[in-house]
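If you're matching them up, the sequences are chains G and E in order.
Residues 465 to 618 in the numbering used here are what the first sequence spells out, letter by letter.
Residues 318 to 706 in the numbering used here are what the second sequence spells out, letter by letter.
I should point out that these hints are in silico values taken from the structure, not numbers from a laboratory.
Errors might be hidden in some of the hints.
What the hints assert, rightly or not - Some chain E residues well away from chain G (every beta-carbon gap over 10 Å; in silico): (1) Ala557; (2) Gly564; (3) Asp662.
To be verified - Each pair of labels, with its calculated beta carbon distance range: (4) E:Thr366 - G:Glu611: 43 to 49 Å; (5) G:Met568 - E:Ala701: 27 to 33 Å; (6) E:Thr366 - G:Asn476: 50 to 56 Å; (7) G:Asp546 - E:Asp521: 38 to 44 Å.
Ideal Cβ placement from N, Cα and C applies to all residues, glycine included.
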Amino acid sequence: MDEMDPVEAARNAAVARRHVVESTGALSEDPFRAGSGAPGGGAYSPRLYFHLSGANLSLSQIGRNETTQVPSTVPLLGGVIDRLKAAVHELALNYVRRLAERQMSMNVSLVRVLNEVVAQTQHDHQGQIRALEARVQALEARVTELEATLARRS
Amino acid sequence: MMRLALVLPRYGPKILGGAETTARDMAEQLVRRGHTVTALTTCIRDYATWQNVDPAGTEVVNGVTVERFPIRPGWRTPTTEALSGRLPSATTDEQYDWVHHQAHAPGLYRKLIADGQRYDLIFFIPYLYTTAYYGSALVNERAVIWPCLHNELFAHLHPTRAMLAAARGVLFNSRAEQDLAHQLGAQNPREFVVGVGIDERVGDAHRFRSAQRLAEPYLIYAGRLEEAKNVHALVEYFSAYKQTRGGDLKLVLTGDGALRNAISHPDLVFTGYLSDQMLQDAIAGAVALCQPSLMESFSIVIMQAWILGVPVLVHAGCAVTTEHVQAGQGGLTFADATSFARSVDALVGDQGLRARLGAQGGQYARAEYSWQAVTDRMEAALEAWKHDD
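When you get a sec, could you build the whole thing from the sequences and use the hints?
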């Protein structure tokens with residue numbers, strides 16, 4: 465009996481694993497990707513789509529990384545120092561958050577603009593290609609027709 | 318003692334790369350503890366071309382048996398390119414198609430089908446290649462994924478997340494990397510954070526300075542000069558710093574890469590790739606080691622700097638390196654040109670601070686990431702993966 469192509473065997477194994485994961489609910493939905501509005505397509509280089517997707521993923525994670533405070537190692541006064549540091553930290557965060565919110569709002573708008581620009585230019589680009597293809601086909605038909613006419617005359 | 322296998326695209330003493338170095342070092346440590354380790358790999362050396370360079374066959378490298386299998390040629394087709402372009406918005410089916418149209422080593426799969434049962438556990442490192450996607454599916458019940466996960470597009474793909482969730486176990490290099498996997502919705506019941514072991518080294522700053530004819534104080538970056546490592550941001554922040562502060566501070570860039578010819582500044586010093594010892598010498602003499610990368614699953618070079626008593630400057634946008642800095646109290650963070658300048662000012666102007674941060678980092682690196690500590694954690698994880706149901 466012929467041996468199965470090992471690449472096909474591996475593909476089958478990966479598909480089987482996918483079905484097990486899906487049927488047992490072992491995998492929850494990727495929360496970042498679920499909200500990603502990055503357009504895909506093949507009109508531009510893969511790098512463009514990769515970076516655009518990265519921008520959308522980064523956007524969906526804004527605010528996830530809260531900094532953690534390292535506990536003081538000073539004996540006795542450590543607790544007081546920690547509370548003081550926490551209060552100062554909170555005060556600083558208050559001001560930083562105000563600025564960050566404005567910056568985030570702008571980032572969100574910029575990424576959405578990028579998504580729109582890529583999606584729109586991609587659409588226009590494909591429309592132009594289709595129009596050019598139709599024009600080339602019409603010209604080819606015309607050339608064939610003229611060649612036939614010339615052949616008849618000669 | 319266990320019979321273990323590592324599956325990875327590249328293996329050998331001449332192969333540079335975080336995942337490869339991590340795997341090789343751990344394999345050799347496990348051999349020293351009496352385990353039998355086989356590396357099942359391909360004949361390539363370079364991910365850009367995937368060309369077979371090393372001969373197929375078997376050799377023994379520092380006690381590790383290495384078996385190499387060729388990549389099947391002609392795999393890169395217009396379909397591969399089209400699927401890559403569509404990947405950011407690809408359906409789940411298209412994501413699996415994308416995996417199928419990448420480079421494959423059929424002999425490696427054949428080996429796993431025939432001999433997979435002979436190993437107690439089989440490690441797949443890193444996650445992002447068919448060696449892991451397809452290889453682990455063939456031996457899923459004994460597959461441990463050692464993903465070296467970064468927050469990048471490929472980490473979000475269904476095949477990646479399914480592999481992490483369904484394998485026998487998952488081995489993470491850091492807590493932040495584990496958190497990322499959970500954020501992706503991929504949680505495995507048998508996960509362990511082991512970390513990466515660091516060798517105790519010494520560096521001779523004078524030797525590096527003499528070799529480079531460098532008398533000025535310097536910051537150092539050690540790694541590939543690529544956009545993916547965010548080196549361009551470091552250079553931009555450094556240039557802004559020099560514009561406002563002046564002074565004689567230099568930025569030494571070791572390594573090489575696509576950005577080598579794209580970045581220039583009179584205060585940049587390019588060394589190219591350095592020998593391992595010369596790299597230690599270079600780091601030892603630095604004001605601080607800069608790690609601007611946003612995509613690290615561990616960052617060995619940070620630990621190397623701390624072992625040498627040198628503080629680090631890391632990008633605040635990277636959860637892994639920031640976690641190290643917070644836990645080790647061995648450096649400062651930056652997020653933009655302003656915070657970079659502030660951190661550099663603090664370090665340049667205060668030798669006491671540099672010494673304190675470097676010493677604290679060294680203490681942390683030795684306590685958490687000595688080979689003794691890391692291999693102990695690894696052996697505990699091996700027992701759990703083998704015996705826990």
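Verification of the supplied hints:
Annotated as non-interface, Ala557 of chain E keeps its C-beta farther than 10 Å from every C-beta of chain G; the closest such distance is 19 Å. Listed as outside the interface, Gly564 of chain E is consistent with that label: its C-beta sits roughly 29 Å from the nearest C-beta of chain G, beyond the 10 Å cut-off. Every CB of chain G is more than 10 Å from the CB of Asp662 of chain E (nearest about 19 Å), matching its label as outside the interface. At roughly 47 Å, the beta-carbon separation of Thr366 of chain E and Glu611 of chain G lies within the given 43 to 49 Å, and the hint holds.
Between Met568 of chain G and Ala701 of chain E the C-beta distance comes to about 42 Å, which lies outside the given range of 27 to 33 Å. For Thr366 of chain E and Asn476 of chain G, the hinted distance range of 50 to 56 Å is not satisfied, since their beta carbons lie about 29 Å from each other. Hint check: Asp546 of chain G to Asp521 of chain E, Cβ distance near 41 Å, so the stated range 38 to 44 Å holds.
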